[in-house]
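First to last, the sequence lines map onto chains A and B. In terms of the numbering used here, the first sequence opens at residue 38 and continues consecutively. In terms of the numbering used here, the second sequence opens at residue 19 and continues consecutively.
Hints listed in this document are in silico derivations from the structure and should not be mistaken for laboratory results. There's no promise every hint is true.
[As the list claims (entries may be wrong)] Below, in silico cross-link-like pairs of lysine to any residue (SDA-like), each with a Cα-Cα straight-line distance of 25 angstroms or less:
| no. | chain 1 | residue 1 | chain 2 | residue 2 |
| --- | --- | --- | --- | --- |
| 1 | A | Lys-237 | B | Gly-157 |
| 2 | A | Lys-113 | B | Thr-235 |
| 3 | A | Lys-102 | A | Pro-223 |
| 4 | A | Lys-137 | B | Thr-153 |
| 5 | A | Lys-237 | B | Arg-549 |
| 6 | A | Lys-237 | A | Ala-136 |
| 7 | A | Lys-205 | B | Asn-596 |
| 8 | A | Lys-205 | B | Asn-690 |
| 9 | A | Lys-125 | B | Arg-549 |
| 10 | B | Lys-536 | A | Asp-235 |
| 11 | A | Lys-137 | B | Asp-540 |
| 12 | A | Lys-168 | A | Pro-223 |
| 13 | A | Lys-111 | B | Thr-235 |
| 14 | A | Lys-186 | B | Phe-370 |
| 15 | A | Lys-237 | B | Asp-540 |
| 16 | A | Lys-113 | B | Gln-238 |
| 17 | A | Lys-111 | B | Pro-234 |
| 18 | A | Lys-205 | B | Lys-536 |
| 19 | A | Lys-186 | A | Gly-144 |
| 20 | B | Lys-536 | A | Pro-236 |
| 21 | A | Lys-237 | B | Phe-558 |
| 22 | A | Lys-125 | B | Asn-548 |
| 23 | A | Lys-237 | B | Asn-548 |
| 24 | A | Lys-237 | B | Pro-693 |
| 25 | A | Lys-237 | B | Asn-690 |
| 26 | A | Lys-137 | B | Asn-548 |
| 27 | A | Lys-137 | A | Gly-175 |
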Amino acid sequence: MKGMTRRKWLVAAGATTALAGTTDLFGQDKPMNDRRYDFQDISPRELIQRRHLPNVELITQDNQKVRFYVDLVKDKRVVIQFMFARCKDICPVITHNLAKVQRLLEGRVGSDIFFYSITLSPEEDSPRDLKDFAKKHGAGAGWTFLTGKPDDILRLRKSLGFFYNDPKEDADRNNHSGMLVVGTEPLMRWAMCQGGADPKWIATVIRTEVDAPLMGSVDGIKQVDPAVRVLTPKTMDKDVPPMHVHRN
Amino acid sequence: MAHISKRNRRKERETQQALNNRLELVKEGFTRRDLIKIGLMTAAGVLIPKSGLTHAQVASSNYGGGGCYNGCDLGCSPQPNAVFVDPLPIPPQLPSRPLTDPGLQFGAPPQLFPNNTINPATGLPFEGRGQFNGTLRPGTDFFQFFNQYPTQKYFVQRMRANTNFRITSDTNIPAQTIWGFNLGGSDPSDVATFPAPTIVTNYQQPWVVRRFNELPTQSQNGGFGVPEMSTHLHNFHSAPESDGGPCRWFFRGQYFDYYYAAQQAGFASTHQPNGDINESLSTLWYHDHRMDHTAENVYKGLAGFQLMFNQFDTGNETTGFRLPSYPQFDIPIILTDKLLDHSTGKICFDTFNFKGLLGDVQLANGTFKPFLSVNKRRYRFRILNGGPSRYYELFLTDPLSTGTVIPFWVIANDDLLPTPLQVTSIRLGVAERYDIIIDFNQVKNLIGSHTKVRIENRLQQDDGQGPSCNIFSAGQGTSCVEFQIGAAVTDASVDPATHPQFYQLPSIITPRITRNFKFDRDNGQWVINNRFANCNDLRFTIQQNSAENWNLSNPRNDWEHPIHTHLEQHRILRRSNNGGRYSSYSGSSSYSRGGCPFGGGGAGISTQFPGVPNVEVSRKDTTRLQGEEDVTTFSRFRDFVGDYPIHCHNTVHEDHAMMLLFQVQPNVIDNNQNP
Chain A
38 MKGMTRRKWL VAAGATTALA GTTDLFGQDK PMNDRRYDFQ DISPRELIQR
88 RHLPNVELIT QDNQKVRFYV DLVKDKRVVI QFMFARCKDI CPVITHNLAK
138 VQRLLEGRVG SDIFFYSITL SPEEDSPRDL KDFAKKHGAG AGWTFLTGKP
188 DDILRLRKSL GFFYNDPKED ADRNNHSGML VVGTEPLMRW AMCQGGADPK
238 WIATVIRTEV DAPLMGSVDG IKQVDPAVRV LTPKTMDKDV PPMHVHRN
Chain B
19 MAHISKRNRR KERETQQALN NRLELVKEGF TRRDLIKIGL MTAAGVLIPK
69 SGLTHAQVAS SNYGGGGCYN GCDLGCSPQP NAVFVDPLPI PPQLPSRPLT
119 DPGLQFGAPP QLFPNNTINP ATGLPFEGRG QFNGTLRPGT DFFQFFNQYP
169 TQKYFVQRMR ANTNFRITSD TNIPAQTIWG FNLGGSDPSD VATFPAPTIV
219 TNYQQPWVVR RFNELPTQSQ NGGFGVPEMS THLHNFHSAP ESDGGPCRWF
269 FRGQYFDYYY AAQQAGFAST HQPNGDINES LSTLWYHDHR MDHTAENVYK
319 GLAGFQLMFN QFDTGNETTG FRLPSYPQFD IPIILTDKLL DHSTGKICFD
369 TFNFKGLLGD VQLANGTFKP FLSVNKRRYR FRILNGGPSR YYELFLTDPL
419 STGTVIPFWV IANDDLLPTP LQVTSIRLGV AERYDIIIDF NQVKNLIGSH
469 TKVRIENRLQ QDDGQGPSCN IFSAGQGTSC VEFQIGAAVT DASVDPATHP
519 QFYQLPSIIT PRITRNFKFD RDNGQWVINN RFANCNDLRF TIQQNSAENW
569 NLSNPRNDWE HPIHTHLEQH RILRRSNNGG RYSSYSGSSS YSRGGCPFGG
619 GGAGISTQFP GVPNVEVSRK DTTRLQGEED VTTFSRFRDF VGDYPIHCHN
669 TVHEDHAMML LFQVQPNVID NNQNP
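Required output: the full structure, derived from the provided sequences and hints.
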C-alpha cells in the first residue's frame, strides 16, 4: 500500500458504492448519444507489444542484463516457456523435450529461431542455478535462461497468458503451464504449442510457424525475406505419416 | 416504455461511472496488488462489489498494464451507438458456375487426383489438396466416389480481406478489416463478406467448391489471423480429403477443390446407393479449421452457412415437410461476440489467451444489435453459435413487458428432430445450431399492442472457460436481434402445434466397442486420455461401417467443452454428473462453479435417455460436455476411409490443442478402449 494517498483512497472507496445487481453489463439496448471516441492510429504490432511483450529487464544465465522486448523478441522468431530450476515434475520433461527439439531444428536455434526459458522462481533461481540447469539438460546456443525481479517476472507471465483464473491453481508452482509460445514478432504471428507433446511434432509446429508465412503469393511475386531460409513444402515436415489407403 | 428508458439511463450512468472509476484508478497509479490489498479485488481478479466497476471488466484485464489502456479487454470495448437501427444482414446465396468459368479452368478443372503441378508464379503446387501439415504427400487425397457420383454443380470462392467492413452504422466505430469468402468472382469488386455467402445444395446433386486462398501476407494480418486455410464443412458426411480437417491447410496463391458426393450417410454401406434418408442434414456451416489458428481465423470472419435441401426439407413451404420457404421466411443467424480495441476501435483478438475468449460487442450476422422486419406468420431461423467461446441461452423477450413468457418451437438441434418441441429457451455451445420456428402471429397475441420482441441471451458467463449457472432475469441479459412485427401475410407453412413428423431418428444398434475419452488439463495443457494432440499421430482405428459408443468425461467443474466429431453425427444416450471423481487437479473449492447443466429449455428431460434434455434427443455433431459430466454418445462410421478429428469446439481450446485424430479403415480391429 506504499504511496497510497488520500485521493486514491477516495477513488477506491467510490468504486465500492456502485449498486450491486445481476445484470449483464454489456446488454445496453439503448443508444448512448453522448459517446464519442477519440481513437488513435496505433499499429497492431505496437498494440501487441504494449499488451503482451513488456520490455522488462531480465538477467540471463550468463549474468547479462537484457530487455525482454527490445533484446529478446523484437524482429525475432521465438519460443518462450516458463520453468524453474528445482522443479521436479513437469520442467525436466519439457526441458528434455525442448533439447530434442533444438537438435531436430538442425542449427536453426540461435540462427533464426531463439528459445527462452523464464524462471517462475526468481527469488531462488540465480543465474548460476539457471546455468547449471541449462548445462544439465544439454541446452545449446540460442537457448537463453532468464530470471529477474519477481514483479517483472509475474507481469511477464501474465502478459504472455501463462496464468489460470483459479487462484489456487495459479499459485501452485508445480502445476504451472507447460505450454510453449511460438511467435514471429514482426509478422504478428503467435501460436501456442504443448510442451509435453512429441518433440518431433513440436519441431514440426515450430518449423511450420516460422516458414509457412514465406510460402506462396497471390500477386505472382514470391515473398522474400533474406533473414530466413525458404524451405519448399516438401521439406517442411519431416515426419509426415504414411499415406492412407483410399479406395475409390 | 418509461421503465425501460429509466433502466437504461441507470445502466448508462453505471457504465460511465465504471469507466470513470477505472480510468481514475489507473491514473492514480493503482496496481492490481493495491486493489487486492484494499479488498476491492480478489487475487483472481474478481472485483468484489459489482455493477459499476464490474468483475468481468477486471477479470480478464492484462496484469499490471492498467486494464483498458491496454486495449483488448472484456468490458473495455467501445460500444456502438446504433441499437436496433441497422437491419439484420442476410448473407447472399453463392451462385453456381459453369465448368467453363475461368476460376474452374485455372490450373486444371476439378479432377480425381490433386493438381500438384507447380505453379511457376508461386513455386507451389496449383492445388493445396494432397498437402498435410503444409507438406505434399504425392499420390494421396484423391476424391473418394468421384467417378461414381459425378459432379453436377460447381462453385468458386475466393478468400480475401475486406478492409471496409462495418459492424454498425455508427460512424464513431471505424471500418474493420475482416477476412472472408466472396461470391467467387476474380474481380476486386467481388469482396469478401461476413457471414460468408450461403451455399445452398441438394442431396443427390454432387458438387465441387473450388476455394482460392487470396488472403494478404502474414504481416498484413492486422494483429491476428494466419493466411493458411482449411475450410471445414461442419457436420457434412464428407471424405477426409474434402472435410477441411485441421491438418489439410493450404497456402496463399493455391486453390483447393472440395468434392462432396452429396449422399446421406450409409450410401456405400447400409443404405446403398443414396444413404439413409433419416440421416439427411439441414443446417451446416463452413469455417476455417487451420490447426492451432482456427479461433483467430474464424473470429476474423471465415465462416458462413450451407443449407442442404432434399425432397422433404425442400425450402418450399408448399411441399415436403412444409417448413417456411427459403430465403424469405427461412433465415440463418450466426451469433458472434467481439472485442474492440479500446484505443483504436478495431476488432481485436488475444492470441495469448488459452482459456477462452469472450467479447462484449454482440453481433448477429456480423452486425451489432440489428433488427429484422417480420410479418405476422411463421419463420424458420437457423441459429448458430459462431464462437469463439461464449455459451448462449436464448429467450424471446418483449422489451416493454419482460415478464411475458414467449414460447417458440425447436425443429432441429443440430439436425431435425422427429417432431417439433415447444420451448421457452435454447442453449448453444460453440458450433451448435438450433433451427427454431417462431410464429409471430402467436407472439403478437401474447404481446398485445407491442410490436417488438428480441432474442435475448440470458446466460451469465464471466470468462472463456464456461458459463456460470446463473440465468439473468428477462431484460437483464444481452439482446442479440430485435424482431419488428408488421402485417399478416399468407402462411402456407406447417403449424408445429399439429405435431408434424419429420425424419425418424436413425436406429441405435449394439456398438462394436465402447471407448472412453477424458478431456482434461495437464499443467495447463489440454489432454485427451492424458495425451497430447499431434497431426502425425492417428490415435486409434475404427473399423469401417461399424458403430461405437463413446464415453466423454469432463473431470473439472470450472471448464465446459463443446465436443465436435467429424464424419458422422452422433446421438446422446446419457448425461450424468460424475462428481469430479477423476479430477487431475484438486483445484480450489472456492472457485467451484458447479456443473451448470442445461435444464431443457422448458421441454423437459428424456425418460428414455437419462439426463438428456428432450431437445437433445436428436442427431448431434457437437455436444456440450458440461462441468463434472459424463456423456455417452453413439455413432456410426460409414462409407469413407481416412483420418478425422475429435475436438473441443471452444475454438480457443481447440487451438491449444484439445484434439485427437482417428482413422477409419476396413478390416482393422483396434480394441483400445482408452485411446
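Now for the hints, and whether the structure bears them out:
| no. | hint | in the structure |
| --- | --- | --- |
| 1 | A:Lys-237 x B:Gly-157 | 24 angstroms, holds |
| 2 | A:Lys-113 x B:Thr-235 | 17 angstroms, holds |
| 3 | A:Lys-102 x A:Pro-223 | 23 angstroms, holds |
| 4 | A:Lys-137 x B:Thr-153 | 22 angstroms, holds |
| 5 | A:Lys-237 x B:Arg-549 | 15 angstroms, holds |
| 6 | A:Lys-237 x A:Ala-136 | 11 angstroms, holds |
| 7 | A:Lys-205 x B:Asn-596 | 22 angstroms, holds |
| 8 | A:Lys-205 x B:Asn-690 | 35 angstroms, violated |
| 9 | A:Lys-125 x B:Arg-549 | 20 angstroms, holds |
| 10 | B:Lys-536 x A:Asp-235 | 19 angstroms, holds |
| 11 | A:Lys-137 x B:Asp-540 | 21 angstroms, holds |
| 12 | A:Lys-168 x A:Pro-223 | 29 angstroms, violated |
| 13 | A:Lys-111 x B:Thr-235 | 19 angstroms, holds |
| 14 | A:Lys-186 x B:Phe-370 | 22 angstroms, holds |
| 15 | A:Lys-237 x B:Asp-540 | 20 angstroms, holds |
| 16 | A:Lys-113 x B:Gln-238 | 17 angstroms, holds |
| 17 | A:Lys-111 x B:Pro-234 | 22 angstroms, holds |
| 18 | A:Lys-205 x B:Lys-536 | 23 angstroms, holds |
| 19 | A:Lys-186 x A:Gly-144 | 32 angstroms, violated |
| 20 | B:Lys-536 x A:Pro-236 | 23 angstroms, holds |
| 21 | A:Lys-237 x B:Phe-558 | 19 angstroms, holds |
| 22 | A:Lys-125 x B:Asn-548 | 19 angstroms, holds |
| 23 | A:Lys-237 x B:Asn-548 | 18 angstroms, holds |
| 24 | A:Lys-237 x B:Pro-693 | 20 angstroms, holds |
| 25 | A:Lys-237 x B:Asn-690 | 24 angstroms, holds |
| 26 | A:Lys-137 x B:Asn-548 | 21 angstroms, holds |
| 27 | A:Lys-137 x A:Gly-175 | 9 angstroms, holds |
Consistency with the previously given hints fails for numbers 8, 12 and 19, ordered from lowest to highest.
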